[in-house]
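Following the hints, position chain Z against chain W.
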Amino acid sequence: MEIFPVLLIAIPLGGAFLIPILYKAWNRLAEIVAGLCLAAVLALSIYLAFFLVPGKPLVYLFGNWPVPLGIAFAVDRLSSFMLLVVAILVFFSYIFAIRYMDHFTGSGKFYTLYLLMLVGMNGVVMTGDLFNMFVFMEIAGLSSYALVAFGTEAEELEAGFKYMVMGEIASMMILLAIAFIYAATSTLNLADISRSFAAMDKTPGFWFVFILLMSGFSIKAAIVPFHSWLPDAHPSAPAPISALLSGVFIKVLGVYAMARILFNVYGVSRASYPAVFNALLILGLASIIIASLLALYQKDYKRLLAYSSISQIGYIVLALGIGNEFALIGALAHILSHSLGKGLLFLTSGSVVYRVGERDITKFTGGLGKQMPWTSLSYNLGALSVAGMPPFLGFFSKLFIILGAVKAGFIVPAVVAGLFAVVTLGYLLKITNKVFWGKEGIKGIKESPFVMVFAMVSLVVLLVAGGAFFFWLKPHLLQPAADVLLKGTEYAEIVFRIGAGG
Amino acid sequence: MKGMTPIVKVVARIVGGFIFIYGCYIVLYGHLSPGGGFAGGAIIAAGLILARLAFGTTASQERSASISSSIFESTGGLLFLLIALLGLFVGGYFFINLFPSFGTPGRLVSAGSIPFSNIAIGIKVAAAILSIFVVLASTKYIFKE
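Taken in order, these protein sequences are the chains called W and Z. Counting from 1, one number per residue, gives the positions in the first sequence under this note's numbering. Counting from 1001, one number per residue, gives the positions in the second sequence under this note's numbering.
Isolated chain W (complex conformation):
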């Protein structure tokens, strides 16, 4: 188990470098190599997510340099939870992509970028070093810019360029903040920075760096005032990539990084710095309200889902802003349920585009449900889960966020969160109504190929199972991850205790 963190980087990285050599010999080798790498990553992630001992993170020392000196990976239960979320969606999106990418040329390049994006996300989640986190963010970011523009139509190139400019502005903010932090503390290790910050005067400059970091992560997470790039970028990508970007990418680069820095490095809590948390709460509420209302007016299948992603990220940020135990469990559960749910919805959009070749829902006359029963079923169940209807995982995640809000005494945010769950259902059912329900509309449409249906139905099964076994998942998966955040700067002590001995 000691070397798992390294394997989670080395396996997809090796696959990404092997594919450009191998796929020239035989095109299908790209898919085979990528599939093997992803299956291995999924297996390792599942093992880490359930069998890592809480409170005893794996600290991997690169080149055996003890903690503050070298680069170290620190994989605790929060990291392993995020690894699981990433690995599940990346694996099923890959299964979907096997047939979906028939439309495109250059499958070797696609899978290379796909694996590099996975390397970046895994790295961000596992690393215990601030600059290393930035590098992995750039690996994931650069490959995602290329993947958004993968179709190379004018619209996709424009969206990719816009996405790149916004993403790099965010990266530059983060890099500037890292430069300031390095100048002030002479270290880049997260645990060491955390120690230095605890002893430091809280001058205006200190908070300036904090705001730089948070703004950078907010752009990456597409929280409302920073969201303008997302509704262009996510719909332009091929469907499996849209699923990944909305499902896990914004959560890993935005929300996870933000939560890790906020709770474990700065060590702020609602009791000590309420202003920070109130700001997050307001940003979260703004995201929920504005993005939901904008989503109601969208005519494009994928663009509607993209706005929905912003609004659901708002729920997670709202929960971080509330900051008590219930809300944090809700936030983590929402990361899981929204990644599965929104991933599923984007895959169904891919399935519809694959057969019909159209994304504008005003051009549909309904009735696809009879011709594509599995896609229709998956869409409807996924929409119910994203909106937060009872038997699914999405219900419990929103329930815990609202419970946390009520418990902390925030009645208005709780009411807004509950109310906008209904609005979510409203705009998602718009697609059901226009595309899937009704009399037979478009002639000669068949159900999508088996592997695509398999990927979608698997995600539905996971959503239902997550709802059914939620009270088993909570102590085994969510609670240990939330504890990492709740313990705050104890993170630094644990990492030093394990990693400093070498």
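Heads up, none of these hints are tricks.
Here are the simulated distance ranges between beta carbons:
#1 W/E155 with Z/T1139: 15 to 23 Å
#2 W/M200 with Z/Y1022: 39 to 47 Å
#3 W/A179 with Z/I1014: 38 to 46 Å
#4 Z/S1033 with W/A183: 25 to 33 Å
#5 W/N27 with Z/P1100: 40 to 48 Å
#6 Z/P1034 with W/K202: 33 to 41 Å
#7 Z/F1018 with W/V165: 37 to 45 Å
#8 Z/L1032 with W/P204: 39 to 47 Å
#9 W/F51 with Z/F1099: 32 to 40 Å
#10 W/V135 with Z/P1034: 18 to 26 Å
#11 W/P449 with Z/L1108: 55 to 63 Å
#12 Z/P1100 with W/A43: 31 to 39 Å
#13 Z/F1018 with W/T152: 36 to 44 Å
#14 Z/S1033 with W/W472: 56 to 64 Å
For the record, the hints were derived by calculation from the structure and aren't laboratory data. All C-beta atoms in this analysis are idealised placements derived from N, C-alpha and C, irrespective of residue type, glycine included.
Showing chain Z alone in chain W's frame:
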């Protein structure tokens, strides 16, 4: 792509080799002096690009260059990963120094596995920059014809 005038060709013929050697020097002395894999790789790529610009290429040469540069790029990346993984298998840690006490500090043969990492990065960067150039050049071809 058409070649350039005889003046450019003669100068490129004289300078090209020196640029290439200088790039190799920067890569190989990366652990002793400023520079290293990235800087040296970029200089090597500059030499290769100079030759292609001065003497011109045909469409088929562009195509074979794009294939071979992408293969070299992946090989460089794999070599770097291999050095890191060898550390895992030999020393028990990813990226551990493979030859900790080999050579004398300050001389060419020293610094353990760092020179080897520099060489791998040099290959990767040179091939990557060349392949960017080849893609841009061949795009120009497509638009002209």
